[in-house]
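J.: Protein chains in written order, with our numbering: chain P, 13 to 311; chain D, 31 to 326.
None of these hints come from the bench; they were simulated from the model. Every residue, glycine too, gets a C-beta built ideally from N, C-alpha and C. Be aware that a few hints might be false.
Stated by the list, open to error - Selected chain D positions facing chain P (Cβ under 8 Å, derived; list incomplete):
hint	residue
1	Gly79
2	Leu158
3	Gly161
4	Pro162
Stated by the list, open to error - Take a look, some chain D residues computed to stay more than 10 Å from chain P by CB distance:
hint	residue
5	Pro78
6	Glu86
7	Arg87
8	Ala173
9	Ser205
10	Arg248
11	Arg254
12	Gly277
13	Ile304
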Amino acid sequence: MSQTHTPNPDSKYNRTLGWGLNLDNPEVTTQEEIDEFRRVSAAQLGVQQDGLDYWLDANPEVLKRYRLWADTLRVREADESPNKYSATGVAIMYVYSMTGFEQGLKYGLLGANRTLTREQVLEQVALVFRYAGPRGMATMGKAAAEYEWREPTHPAIWPTGWGPDPDAFKSGADFSSREASSDDIRKILDWYDRWLGEIPRHASLLARTSPDSLKSYRARYENTLRLLPKQTEPWGLLQINIQRGFGAGIREGMLLGRAFGISKPQIVEALNWGTFYGGNESLALVDEVAGDVLDSWPE
Amino acid sequence: VSNDDGPDGETLLHADRGLDLTDVEHISAGEQDAFREFYRRTLGTPHPGLNFWLEERPETLKRYRLFAELLVGSGGSLQHDRRIRGFAFMTFYALTGYEEGVRYLVHIGQTLGLTKDQVLEGLGIAFLHGGPRGMETIALALADYEWIEPERPAMFPDGWEVDPGAFSSGLDFSSPELGEEEAGLLEAWYMRWSGEVPAYVPFLAKNRPMLLKAHRNRYENLIRVLPKQVLPMTLLSFNVSRGFPEGIRENLLLAKGFGVSKEDALGEINRTLINAGVEGASVIDRAVGDVLEGWE
């Protein structure tokens, strides 16, 4: 399907998922509801999403119960706004990249660029690239090949307590040389200890076996986010690792999120959206590796 | 070992794939052209994902290349080392439907000297975990691929050898049944090469013995023209990419038992972190930290 750049007059649908469907009555769907869903879908995504559109014809009840569920993932607080920033786009973009879902990336770019500038969206893509590698970027490169960037008409509003803070990522390692000195490694490990209160096993292993690799990874890590809120980093780390079932990444994301000031309701929303592609059962791993972190989170 | 010559007798790779990595914040048109040419020539096709960053934010690409080069180190960088250690990424690309990736991996392997028969053995390893879904990708990727007859044979690390007999546990595959004595032979095979028996072996021997034997019938007949070390190294890479500790341990131990060096094993593990994410190294530490500690 071709993508259009139809202006989106329905910003009220940016962060709600009914899109014209009466979710209070899943078992009965009128043609008017179906037509309205398709109209909103075209405005929001620029296309009809093939999978959702399928259920409109095959069995709208399935779509309605899905949307009822998905609509509960978001935690709505006092700062709710149609253009409130959500970092969940990172993990969703990761899934779409890794599974070759070009159409999803196209409408993901359109949605992101509605409130984020080109440079901000590129930071998000750069963060995804750290996880998705060349395979994921191959999908993204094709999806973005003909994308026409726009200036956002309603710039994003950061969640309460969030904001850009590139200095927060600085370990103090000297990146003017490739070789990792013992001082570089000490500063990098100290950074983890300072923010997380512990050193992740991947960092200590690479410090022992491949210190140059650890340092070069940190050169990417410390230079990814400058314009987007620093909380985007642990949010993406947490959700991507929920999806792929990496316990260590989940714990690191939780610890860093707490240290970066993500509130309890906000982290609950991050966990909720982690199940969007991870499934509810993925939360068992969260509880196993980071239940103590969540239990001790400031209220 | 010569690492400088490409398949067409010219220099295979430009320095840092055409990029000046000493200056990550700037890029020239010459660097951009050289990078595109590197991928066009080495992969046989442009790489739209990496080229995306050439245009949009070269700094991101340069920091990635710095990271990737150091991850691989001397253990498998195309730029500095033409020796083949396995079919890393193949199963991962097949399962994620990345046809272009499968195709360029085959192309690279052939330009490094792998024959069609050797590549087919590598694809057979990918089929172990890729199943029908992965094979669909591979079949589509290679539908009109023109196989090359390499002028020079592929190079492998010192000491690696073709040894199909190494996989033989002594099972009699003329019968589908796995008797107690054969189960013992199989456990002895693992003890001989790895020093321990993976948990699934006694589990399946007890609960689904014919399934275990059928698996071994595939496994023991995968490798005939490739060095034996390629099999555990390929499976090691796949298990790192999916963060599966039991698979990492089994295959690292077998690779070690087959004489793979610690440097080569670490190179393969590190390389796969491009797909697994750096926090995947935590899984490695948990799975084989003890093995790596005692391995010189």
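J.: If a hint holds in the structure, say so; if it doesn't, say that too.
T.: To see whether the hints hold, each was checked on the structure:
1. Gly79: holds, 3 Å
2. Leu158: With a closest approach of 20 Å, the Leu158 (chain D) hint is violated.
3. Gly161: Since the shortest Cβ distance to chain P is 16 Å, the answer is violated.
4. Pro162: Nearest chain P Cβ about 17 Å off; hint violated.
5. Pro78: violated, 3 Å
6. Glu86: violated, 6 Å
7. Arg87: violated, 5 Å
8. Ala173: holds, 17 Å
9. Ser205: Consistent with the label, Ser205 (chain D) stays out of reach of chain P, its closest Cβ about 38 Å off (over 10 Å).
10. Arg248: holds, 26 Å
11. Arg254: holds, 30 Å
12. Gly277: holds, 14 Å
13. Ile304: violated, 4 Å
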